[in-house]
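Engineer: With these hints in hand, go ahead and build the complete structure from the sequences.
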Amino acid sequence: MPPRTTDSTPERHDDDRVPSTGPEPETAGEREGGAAAGAGAGSGKGGDGASGARPAEPGAEHTAPTPSPAGENGDEGGERGEDGDDTDQRVAAMRRAADGGRRWRALHLAGCAVLLAVAVTGGAVAVGGGQDGGTGVDAVSAAGALSPGDLARGDLDAGIASLQKHLRAQPRDFGGWSTLGVAYVEQARTKGDPSRYPQAERALRRSLDLEPGNDQALAGQAALAAARHDFPGALSHADRALKQNPYNERALCTRIDALVELGRYDDAAKAADTADDRRPGVPVFTRYAYVHELRGDVRTARSVLERALGSASAPADVAYVATSLGQLAWNQGEYKTALGHYARALAADDAYLPALEGRARAQAASGDRAAAVTGLEQVVARFPLPGPLVALGELYEDRGADGDRAKAGDQYALVDAWTALARAGGANTDLETALAAADHGDKEEALRSARAEWDRRHSVHTADALAWALHVNGRDEEALPYARRATATGYRDAVFLYHRGVIERATGDERGARTHLKAALDLNPGFSPLGAREARTALKDLEGNR
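Note that this note's numbering has the sequence shown beginning at 10, numbered continuously upward.
Among these hints, one or two may not hold up.
[What the hints assert, rightly or not] Label pairs and their computed distance ranges (CB to CB): (1) 486 <-> 308: 35 to 43 Å; (2) 319 <-> 411: 45 to 53 Å; (3) 177 <-> 343: 45 to 53 Å; (4) 283 <-> 390: 37 to 45 Å.
[Said to hold, decoys possible] Keeping only pairs whose Cα atoms sit at most 25 Å apart, straight-line, the calculated PhoX-like set for lysine-lysine is: (5) 527 <-> 345; (6) 549 <-> 527; (7) 416 <-> 452; (8) 279 <-> 252.
If you are wondering where the hints come from, they were derived from the structure by calculation, not from laboratory data.
Predicted model, so just to flag it, every value in this text is computed and none were measured.
Cβ coordinates follow ideal geometry from the N, Cα and C atoms, glycine included.
Structural biologist: In structure tokens:
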């Protein structure tokens, strides 16, 4: 599975404010206490560790004296028709863009078969609103607007439509505007539609215009910045929100996310402790677990996630946590266990994309390539997001027939089109561009993007990306220190180990190469259809040279 990113984890979408009198109502996630309690022997908190984006068309800015949720066509960022029609139109537009890109390259690049692929990581699709058949989306809060909890319990699109209707009637409801902004961020992630990001930005700005400094909108801005991979901005907005309300769950969680992605792992661990003390529950538990996973403490990570799953009740929470457990198991090469967790996630939400993608990857690693291809084809037919597109392309490449190579090129072309949309929506994709271009496209562009991202943040993922981009450009001596840094925290990732082994072999360190290539295959022998095959070939050659 591609590395999970923290900007895709769910929040418990309740009212983030702590009442001035009396404790907050107890939630399912809080009844059992914090993440640290019951995390397992020797699971102490703290330590270091390390850790996708979505676009569409921005609507018109509001210029009328009285704000309205309606944009140019009376629908400020709302659904452009029914959900199916909206998705079909977006898929068709991406395919047209990809077709145009292929024709242009055929004329200008002498028949280049593989376009630059930008594989935004597979955990990048956030929680899709759980459909439990409830009527939450029709409920109205005391102030007249839907609460974030109502949106999470019901249909997100219907909730947004209700919010828009409410805001046309009550345009000065700052809480309604902040909720709408956060809902757009969720919609961008769940639908792979980055045009929602500018719409979210305008809604959150409107909330702050009406009520300067309100923590709900500031926390929403933090979540939006994280979704766009602006992690310094996310940290700044989260800190501002927490000054207003130290118990704002969204801000607490986004602060952990930002620190992890910036490579500030000790600070992230402390932030996770603080969040666990203040707002224990599923959103904090999952971040707490990830911090431990990134420092190699898989036992604690699994224990905390199992605890989170036991306390989850909403279908969205069950789907998310079960998928996180599936990804953790997949990273350790435990494919049967991973498939069990993905089945649990899909029982809660049969349309949850990260679980569908994860199941396909586990099927591929288990040897059931036909089921994996079928599953990923079904995912990308409806939601052509980068993670499953690249995974499907590599499965096609691994089959190796002429027709399959052409199919792989089609997937990479769609990723290229999606990336253009993501950038238009204000998202930074340099890390994903570096990794995908190194394997499937322009090697010089891979290095440019990797260097640009390293200048912004020093996480283990940026270290690995820069190491690999340097390697494919023939600069292995420069690459080696970054490859070592990527594996220094103890994070168990077969891709990192594979990259380090290949780079060590290129620098003449055959002993180190054997150690790390073997470690990658021992840990997760199906980590990549193409990478695992190359790792086995390289290791066989090294063993033959002994």
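Engineer: Each hint: holds or not?
Structural biologist: Status of the hints after comparison with the structure:
no., hint, in the structure
1, 486 <-> 308: 35 to 43 Å, "holds (37 Å)"
2, 319 <-> 411: 45 to 53 Å, "holds (50 Å)"
3, 177 <-> 343: 45 to 53 Å, "holds (51 Å)"
4, 283 <-> 390: 37 to 45 Å, "holds (43 Å)"
5, 527 <-> 345, "holds (22 Å)"
6, 549 <-> 527, "holds (10 Å)"
7, 416 <-> 452, "holds (22 Å)"
8, 279 <-> 252, "holds (17 Å)"
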